[in-house]
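Take the given structure of chain A and dock chains B, C, D and E to it, following the hints.
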Amino acid sequence: MIPLGFYLGLAALLFSIGLYGVMTHKNGIRMIMCIELMLNSANLNLVAFSSYTNTLDGQVFAMFSIALAAAEAAVGFAIFMAIYRMHDNINLDELNILRW
Amino acid sequence: MPIEIPEFILPLLPWIRGTVGLSLVGFIFIAAMGAVWLERKLSADIQSRMGPCRVGKYGLLQLVADAIKLFTKEDLRPLNADSLLFNNANIFMISSVFLMLVAIPVGAVFINGVEYPLAVTQMDISVLYIEAMSAISIFGIFMVAYGSNNKYSLLGAFRNFARMVGYEVPLGLSVVSIAIMTGSLSIVEISRSQGLLWNIFLQPIGFFVFFVSLMADMGRLPFDQNESEEELVAGWITEYCGMRFGLGFFAEYIHMILGSFLVALLFLGGWNVPSFVANNPVLGLIAPTGFLLVKTVFVLMVIIGLRWAIPRFRIDQVVDLSWKKLLPLALLNLVWAVVLGLYLGA
Amino acid sequence: MLPVASLLILVPLIFAAVTFFTKTKKQAAGLGFLGSIATLGLTLYAYLNFDSSTATIQFFESIEWIPSLGVNYSVGIDGISMPLILLNSIVIPFLILYSWKEDREAPNRFYGLILTMQAAVIGVFVALDFLVFYIFWELTLIPLFFMVNIWGGEKRVHASYKFFIYTHVASLIMLLGIFGLFYASWQQTGAPSFDIRELVAQFKFFESSLLRDAIFLSIIFGFLAKLPVFPFHSWLPDAYTEAPTAGSVLFILLKIGGYGLFRISLPMLPNTGSPELIINMLGLLGTFSIVYGALVALRQKDLKRMIAYSSLSHMGFVVLGSAGFIALSVSGAMFQQFSHGLIMSILFMSAGAIQTTTGTRIINNLGGLAKRMPKLTVLMMVGFMASLGLPGLSGFIAEFLVFTFSYVNLPGFVLFALLAIVITAGYHLWAMQRAMFGVYNAKLGDISDINSLQVFSMGVIALLVIYFGWNPNPVLNMMITNSEAIVSLGAALGV
Amino acid sequence: MSGIIDSYIPVAIFLFVALVMPPMTMFMVKHLSPRSKAAGKYTTYESGSVPTGTARIQFNVEYYLYAIAFVIFDVEVLFLYPWATVYKGHGITSIAVAEMFLFVFVLLFGYIYLWKKGALTWVK
Amino acid sequence: MVNFMLLAPEIAVAATSLIILLIGVFMSPRTKNVLGYLATLGVLAALVLTVQSLGTEAVIFYDTVSIDALSQFFKLVFLAVALIVSVASIKYNENSDHTEEFYCLVLFATFGMMGVASANDLILLFCAFELASLATFALAGFEKQNARSLEGAMKYFVIGAISSALMLFGISFVYGATGTTRIPAIAENAAFLAQNPIGLVAIVLLIAGFGFKMALVPFHMWAPDAYQGSPSVVSSLLAAGSKKMGFVAAFRVFILALPALQVDWQLAFTILAVVTMTFGNVVAVSQTSVKRMLAYSSLAQAGYIAMAFVVMTPMALTGGIFYTLAHAFMKGGAFIAAAAVVWMVTSQKTGDLITPDHLDNFRGLGKTMPLAALSMTVFVFALAGIPPTAGFMAKLLLFSSTIEAGMAWLAVIAVLNSALSLFYYARLVRYMYFLPPDGKKIGMPFQYAAALLIAVAGVLVMGIWSEPFLQWAMDAAQVLA
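Residue numbers (this note's numbering), protein chains in the order written: chain A, 146 to 245; chain B, 53 to 398; chain C, 183 to 677; chain D, 1452 to 1575; chain E, 24 to 504.
Since the hints were made in silico from the structure, they are not lab data. Fair warning: this is a prediction, and the values are worked out from it, not measured in the lab. Any given hint might turn out to be false.
In silico DSS-like links for lysine-lysine, alpha-carbon gap of 30 Å or less [unchecked claim]:
id : chain 1 : residue 1 : chain 2 : residue 2
1  : E       : K390      : E       : K372
2  : E       : K390      : C       : K337
3  : C       : K625      : C       : K337
4  : C       : K205      : C       : K337
5  : D       : K1567     : E       : K167
6  : C       : K337      : E       : K464
7  : C       : K557      : C       : K208
8  : E       : K167      : A       : K171
9  : B       : K121      : D       : K1488
10 : C       : K283      : E       : K464
11 : C       : K207      : E       : K464
12 : B       : K121      : B       : K93
13 : C       : K207      : C       : K337
14 : C       : K208      : C       : K337
15 : C       : K208      : E       : K464
16 : C       : K205      : E       : K390
17 : B       : K377      : D       : K1568
18 : D       : K1481     : B       : K125
19 : D       : K1567     : B       : K377
20 : C       : K483      : C       : K344
21 : B       : K125      : D       : K1492
22 : E       : K463      : C       : K337
23 : B       : K376      : D       : K1568
24 : C       : K483      : C       : K283
25 : E       : K463      : C       : K208
26 : C       : K283      : E       : K463
27 : E       : K390      : C       : K208
28 : E       : K463      : C       : K205
29 : C       : K483      : C       : K557
30 : B       : K376      : E       : K167
Across the chosen pairs, the derived CB separations fall in these ranges [said to hold, decoys possible]:
id : chain 1 : residue 1 : chain 2 : residue 2 : range
31 : E       : Q289      : C       : P593      : 52 to 58 Å
32 : A       : V205      : B       : D368      : 36 to 42 Å
33 : E       : F469      : C       : S416      : 46 to 52 Å
34 : D       : I1508     : B       : I188      : 22 to 28 Å
35 : B       : A184      : E       : P220      : 34 to 40 Å
36 : E       : P241      : B       : L128      : 55 to 61 Å
37 : E       : Q289      : A       : L158      : 27 to 33 Å
38 : E       : K372      : B       : A184      : 54 to 60 Å
39 : E       : F215      : B       : K376      : 49 to 55 Å
40 : E       : L483      : A       : T169      : 47 to 53 Å
Backbone N, C-alpha and C define an ideal beta-carbon position, used for all residues, glycine too.
Okay, chain A solo, but in the shape it has when bound (with noise of 0.2 Å):
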């Protein structure tokens, strides 16, 4: 058996990678991919968890987060899609009409 601190930690790992990249870049798909990090580092939280408590919920809630996800970058991509043929670049610094 692994221990669970190893499966914890790679997942603390991931996430704050993807935090990191989110904060950092301003590229819109690499954000998405940042997220798309972030949501799967709790996946394996849950599902290790739910190995460890011998539970099923958590597996089913990866399951759910799973299709979430997909369905949250399709959703961000559209408009990343948009803004890119307004714009030509999805660049998040560049996008400044609305301040303060």
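Below, chains B, C, D and E alone, put in the same frame as chain A:
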């Protein structure tokens, strides 16, 4: 005579099975070479040509000659290619077929009436696993196409992508329909459950959907839009030459063989033989596997034959076929399976 | 019996709503006048049926509103509110008559707002439930804000915001005090109630004197800022000055701060942690307002601003009288509210008339108006004399009562405040002399006297000022009855 | 639990072999094959003419729509798998069947929507 | 057998949205107006069903759905918002080719919010939360040709997605430490979570996750942009509906599931509430775009509501819950009024077309669109807490309960903030009534008028005849106590 296995070996058993199972790779390699030969010969027959006949009897050694040629060809890489993607793409293609191979039983032996499937490993979700592993190959294809920085390659890869995406769904749905009937996602279970009636008879629509989707998944004609030599030179593989090309080519043929196995296992009754045959100590060792292999070869020949029966579809036709025809059919089949399951279960 | 208390709110409110939808100025003014006359009729009906020998609530009505919070719609009239309702109902018809001939944009809103204001102010006076009280209290803000903001002078935006935010903050702090009172009493009795009388009665049972002080101070802060008195007055000069004449008069009629003082704060005062200190503080604030208001008024060049400061000075009497805390000084303070409303109405109307005819309010630019505007001069004289406390006019009664009877408890403050009488007389007479008498300032051109409607409306009010100067009893009686009731609470505690 | 892990040990072995095999093959090729340098050999093939521009160009947006449709329906299948395996022999209640039909039915609305909006047509 | 009638409101909403989607694709743009009425009917039906079912209590679907006073109250909130939005959107979507998508998304969002309201399980809570979020992401960027809409949508999406990841990560820890996702069971097994630092991590992550939706400072960055950029009807949905979803989720998760960690989250909410209300009001003062101003005011309001988490007495919870309904009417209506102005500006081509909701475009609205101006006045006065409106009653309950709990300092801060807010609300009123208009009087589309009247009625009825609403809110608070 039950075989006694010493206690200390038990934990090592999976390792041993895996290592021994590697011999399957050899078998499949040879089978793939055979398939290439078969395709050439068959095509030639269909078109009233000779086919390979110089090297060896009936040109049987043609493939060996080809292999030697490939090994001694210079490995070229365009200067503006992305070397990381370009060099490592093969790994994905090879991994895809190898990993598929792990879960596919190539037959079964009956010892004292007890069934031992000839699979490297048995998982309870093997169908799902195989589907997943089969999809990995698209990474390889895309890496090649994007890495080689060639317009034909990229076009081919994009078509490949559109096609794969379209056919995964009907494929998955038809597998679900079978899982409903069997109550399991294990390929061994599914094969076993067809003792009385093959799935092809229970779910003819499902079979049709599965077969077509599988063809498309494997990129066999009439679904080889990713290569389409006449318009895209060689599609995604344009810049691959020598052994690199050889590996990709090989992976495709292995994929085809494994696909044929899948059809035989999932729909054509697998290795099921009448129980008197299975209980026969000698026939029990040979007949089931042989029966499966015969069916597989038959499927293989059908697949090859279809290449010359139907011209290549246009990409829009391909996409239409998957989304607008196969998908509703697959859903229809799902409903049919549920109804059937209710009826059979009651 | 008619449900007079509710009708007094409803009638002006309904007339206001209808007035908002009128098209022409004539309709608007006519409807407004009709509404105010109807209200006056109701008020007179209430007054005639009023028993001034008792301090209990009359015309009481109560309907359950939000039972889970103990909120009831309960209204009623007693001797504290009756004179103030009377004041409002009397002045507003004449105010409408006064401004009958003025031309302004959106007359429908103008007259509608006047009536809304009347309804809101009367609502505050008749409310016996804290929530109802607070709702009308806040409602008074809106018409006044618009009044200043739409029809005000040059700096109207600034003035309206200043007034609005300032008094709103004060009322919110008062609201917090009310909440504290509400919850403390809820804990005390176990049943929620917003009833003013009950909460005020419960006040003395709260254990923590800190809590009592906090509640008392935050509530009285709201009243003092609305009144206003000295340190909280800074919205007053701007708002009074920038408002149109009718707005200024409405401000004058906004007697809710003083009313709250009598209705809520004074009965609570003896039960606070340190009543002595609070009384002294109030006395100090009152005295300061009197003297400060008078001194600043002396320096003003703007006639209207001078009147505004004199109003501040008068309000000081209200606080000083309340702080005196014996029946007659408190009723003096109440009477001051009443008479101040009448007097200041005349003064602001005069100032308004001067501005519309001459185009300026700067005292130095006027001069000799008596020659061209004799009627105005007479009426204004009455106002000024009443304002400076000339015996025989209503102002005198109020100031006399306050000074005489506050002296019992607060001799030092009264002596100090007496100084202001001199100053008050000084600036009034000086302003009169410069503006109305002497050589006519030719720069003002050819001007004519005020119109007959204005004469009539101001004249009636002036007559009332004189009448109450000779015979204050019609209102003073009920004031004294109630003051005694208030003060007797404190007497029991030996204050 | 350990049974599941056991069944994946062969997978690991195969994966290792699959990872090693292509580089090894290419290593062999490198040593077996002849080498000769010429400038033309290292350009990409563009029907014989000199290649122009980069191949990394924008592609048709339709691919995106297909990807989204794929994701949606693939996820649908994802939910069907566990349900399918317990369908038979687990005393599954009719309500579960009804629920799954509802699920597919709801997705069908999406499918019809996609179809009518032309998202499934290659050339619009 | 599950009693499906318990879910009748949800089913009505979902079925309506699917039907709209289906028949919408077969209709020509000219006839698509019908869809708006259909959506309105569906929402009305759901509203009636919810009101009818008031008082029922049940836990169904293997303890995942809890029908109780709290969920029903919030369902009312969401359905009320949906009603206002769908009525107003009939005009917004006139002659649009995407009507069915719009309504489908609005109803899906409502459905998701209703799901959150009745979630008794973190899985359902998360799924419903995401359903509502995704639908609103798409709605925020509904005007594909409008750079502002897209920018707002993108910011909303990015931050919303991050927040859902944070929330999921937090939930995973809660699940890991308690071994269950059922809310009552979590409360029972929370002992380990309370002792372990993991509990703190989970709380931080969850607060961040919900805080984004509630738009509490410092998780508010998206809100002003999204509210300003989105089509006004959508802003209405976002501010009035989606924000409340964050609150009901937080009510469920923090108060019902994690009472063991009350000390931790209470402290966090104290800081967040104070900072949020102050920041929102201070920044709102300097805004020139009305929608942006409303957005910042919405932040401030969220700060007030968050006080319920700080005070935590039954009265405060009642106040917070009451406030959500009041705020739904006030803010929802205010954005609809802004929508009417945007419609006026774009259809008349007068004024500042680039920012159609600029304050200057509200000049003389009292003359050009008297109804819009009047109702806007009612809304902003209600937001400022001036009686006799719903906003006043809500503030009365909330602030007074704060005093009751002995947190006079918090009440003072809140009251001062609310006084400050008057400043920018009054400015808006001044523009509408006291500045000369640009154009002539315009006939108000009756759909906007109807939506505004519903909202005005809500605001006034809740203010004047508060008793039934108060009772509902008390019942709902009872669930949390």
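Next item on the list: Assess, step by step, whether the Cα of C/K283 is no farther than 30 Å from the Cα of E/K463, and give holds or violated.
Entry: 29 Å, holds
Check: Is it true that the CA of C/K625 sits at most 30 Å from the CA of C/K337?
Finding: The given pair, whose Cα atoms are some 25 Å apart, holds under the 30 Å limit.
Next item on the list: Would you mind confirming whether the straight-line C-alpha gap from E/K390 to E/K372 stays at or under 30 Å?
Entry: OK: E/K390 and E/K372 at ~17 Å, within 30 Å.
Checklist line | Given pair status - E/K464, C/K283, alpha carbons within 30 Å | finding: Roughly 29 Å separates the two Cα atoms, so the pair holds.
Checklist line | B/I188 and D/I1508 - C-beta distance against the hinted 22 to 28 Å | finding: 26 Å, holds
Next item on the list: Confirm or reject the claim that E/Q289 and C/P593 have a C-beta distance inside 52 to 58 Å.
Entry: Because 54 Å falls inside the window, the suggested range holds.
Margin query: Just to be careful, I want the Cα atoms of C/K208 and E/K464 compared with a cutoff of 30 Å; is the pair within it?
Written below: Holds, at roughly 23 Å.
Check: Between A/V205 and B/D368, is the Cβ distance one that fits in 36 to 42 Å?
Finding: Distance hint for A/V205, B/D368 holds at roughly 39 Å.
Next item on the list: With a cut-off of 30 Å on the C-alpha distance, tell me whether C/K483 and C/K557 pass.
Entry: 23 Å, holds
Margin query: Hint check: E/K463 vs C/K208, CA-CA at most 30 Å. Holds or violated?
Written below: Answer holds: E/K463 to C/K208 is near 24 Å, not above 30 Å.
Check: Taking 30 Å as the top limit, are the C-alpha atoms of E/K390 and C/K208 close enough?
Finding: Roughly 20 Å separates the two Cα atoms, so the pair holds.
Notebook entry, point to check: Between E/F215 and B/K376, does the beta-carbon spacing fit 49 to 55 Å?
Noted result: About 54 Å separates the Cβ atoms of E/F215 and B/K376, which means 49 to 55 Å holds.
The structure agrees with every numbered hint stated previously.
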